[in-house]
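Taking the hints into account, I'd like the entire structure generated from these sequences.
With my numbering, letter number 298 in the sequence shown gets 298, and the count goes up by one each step, no holes.
Note that these hints are calculated values from the structure, not bench results.
Any given hint could be a false lead.
As the list claims (entries may be wrong) - Beta-carbon label-pair distances, calculated as ranges:
#  : residue 1 : residue 2 : range
1  : S357      : E83       : 33 to 43 angstroms
2  : A72       : D336      : 27 to 37 angstroms
3  : Q368      : E348      : 26 to 36 angstroms
4  : A72       : H489      : 22 to 32 angstroms
5  : G152      : D539      : 34 to 44 angstroms
6  : Y86       : S357      : 36 to 46 angstroms
7  : E274      : D197      : 42 to 52 angstroms
8  : T52       : Q543      : 45 to 55 angstroms
9  : E203      : R308      : 17 to 27 angstroms
10 : D263      : E210      : 36 to 46 angstroms
Note that beta-carbon positions come from the ideal geometry of N, C-alpha and C, so glycine has one too.
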Amino acid sequence: MLQKLTVKNYAIIREIDIPFSSSLTIITGETGAGKSILLGALSLVLGDRANTNSLFDKERKCVIEAEFDLQAYTLQSFFETHELDYDDLTIIRREITPSGKSRAFINDTPVNLTVLRELSAQLINVHSQHQTLELNDKTFQLSVLDHLADNGQLLEQYKRKYDHYRQQEKKLRELREQNRKARQDFDYYQFQLNELDELPWEELNQEELENELSILNNAEEIKSNLASVTQLLSNEDTSAGNRLREASTLLSDLIHYNRDLEDFHQRLESSLIEVEDIASEMERIQDQTDYDPQRAEQLNERLNELYRLEKKHGVNTVEELRSIRDEIEKKVRQADTLGEEIERLQEELNATKEELSELAQKLHTSRQKQVPVLQEKVQKMVADMGMPHAKLEADLEKTEAFGRQGIDQVTYRFAANKGSELQELRKIASGGELSRLMLSLKSLIAESASMPTLIFDEIDTGISGDIAGKVGNILARLGQSHQVICITHMPQIAVKGDTHFYVYKETSDEKTNASIRKLEGDERIKEVAKMLSGDNVSDAALQNARELLLN
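Now the structure itself:
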């Protein structure tokens with residue numbers, strides 16, 4: 001519910017505050033006083049584009065605030081989604097600076113116009129000569145039938161199933177794309193896998209292979225040097241072994257003179273054993289070291305292949321190459337498993353589609369039953385509002401494709417006058433006729449659902465006083481359960497409001513300023529009388545005004 005509208009420095013408005021009631025609020029005033037300017041200010045809160053031409057004082061910023069009570073709405077998830085602070089009393093603010101910069105805020109948090117429009121669309125519906133977009137909206141047209149049919153739970157059930165169906169469709173498309181790519185690359189990956197699997201992974205130790213090849217390639221030098229080492233250690237009179245042996249013997253003869261030398265003797269004996277062991281091992285390695293051209297060629301081929309594959313796959317070790325091989329194997333296997341997963345998901349999708357079709361058919365049947373009810377009720381209501389020959393036709397057709405509202409497509413066609421051709425609502429030029437049609441539809445919806453604040457401008461265009469009274473009665477009934485704001489110049493409508501505001505102009509300092517005040521008691525009687533008879537208010541007009549306000 002719109003609780004208050006504050007406008008500062010906008011158009012011909014210096015500053016005004018309007019507290020709204022929860023029922024029917026009437027706004028009247030002389031032509032050009034600023035009634036439509038109020039709607040213009042409100043449209044900025046709803047997310048319309050702004051410009052500096054709308055500033056009252058070009059040196060100051062324009063500020064427009066709308067205060068809403070959100071307790072009747074379920075908008076917490078919207079605030080969470082957009083990371084906004086939720087409050088039952090929410091303030092939407094729009095600012096326009098003299099430089100032309102425009103900013104929007106929800107509870108003091110800056111937001112873009114997209115978020116602002118999304119929220120405000122759930123809070124206010126404006127219906128005027130130039131704002132009948134909702135009436136042309138196919139979703140709204142279907143929603144009228146759904147409200148009449150009490151399809152709330154059924155539609156929610158369908159929407160949940162539809163969302164699940166769309167998710168399954170998306171997953172299936174993604175899997176098929178993965179499968180297409182996997183099949184497209186299958187031969188390439190299979191070739192890579194076969195190439196890698198030709199390597200003897202179980203005996204593939206790059207360091208050992210490189211060491212063995214190094215030994216083979218340098219066998220002669222190794223044998224020659226090992227022979228020299230062996231000779232130096234044990235095969236010559238002056239070898240290390242013989243020298244250690246002589247030293248050990250000499251030290252042994254001295255032990256009985258000095259027991260402290262026994263430890264050194266043992267250490268020499270140990271060194272001798274170690275040298276003899278090394279010499280023996282060197283001799284063994286020397287005997288085993290022979291150049292084998294076939295083995296060298298085999299090692300060269302294996303290492304060259306390993307180096308080639310490491311370079312190809314951008315790695316430096318056997319371990320990294322093995323990881324690459326395992327990843328490629330997964331991709332090859334995936335091509336087989338994806339097909340099975342696609343088949344399983346397709347079966348699930350088919351089952352969901354059947355369930356969705358059943359729900360869609362239930363919606364269609366339910367809506368179809370309400371088509372004649374809708375046509376009859378609307379035609380009766382618009383007849384009461386001065387269009388006795390008006391006719392509404394709702395053409396409900398099933399489509400092949402599922403949509404978020406079902407499989408139905410509805411087209412409203414309307415003719416306001418006898419003999420006129422039924423036309424789609426978007427082709428009807430008369431804003432007054434469309435506003436009265438919208439009032440009829442909103443009245444029907446109001447019987448079974450809560451709605452945003454409804455604002456009607458020029459709903460009284462082209463109607464007589466008697467018809468205006470009937471329009472006023474409908475607005476008053478609607479105002480009993482919903483907030484309605486109506487800008488009118490018909491006294492028969494004005495008297496139906498629970499709250500009545502009067503917009504007027506004042507001129508000072510060579511500048512015109514629009515103001516607004518709440519009318520009560522004699523002031524309201526006088527304003528209604530002026531609307532009846534003009535500026536020269538007679539006693540009869542005053543009496544007539546009193547009677548209208550009492551009825």
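Verification of the hints:
{"no.": "1", "hint": "S357 with E83: 33 to 43 angstroms", "result": "holds (39 angstroms)"}
{"no.": "2", "hint": "A72 with D336: 27 to 37 angstroms", "result": "violated (57 angstroms)"}
{"no.": "3", "hint": "Q368 with E348: 26 to 36 angstroms", "result": "holds (30 angstroms)"}
{"no.": "4", "hint": "A72 with H489: 22 to 32 angstroms", "result": "holds (31 angstroms)"}
{"no.": "5", "hint": "G152 with D539: 34 to 44 angstroms", "result": "violated (54 angstroms)"}
{"no.": "6", "hint": "Y86 with S357: 36 to 46 angstroms", "result": "holds (38 angstroms)"}
{"no.": "7", "hint": "E274 with D197: 42 to 52 angstroms", "result": "holds (47 angstroms)"}
{"no.": "8", "hint": "T52 with Q543: 45 to 55 angstroms", "result": "holds (49 angstroms)"}
{"no.": "9", "hint": "E203 with R308: 17 to 27 angstroms", "result": "holds (19 angstroms)"}
{"no.": "10", "hint": "D263 with E210: 36 to 46 angstroms", "result": "holds (44 angstroms)"}
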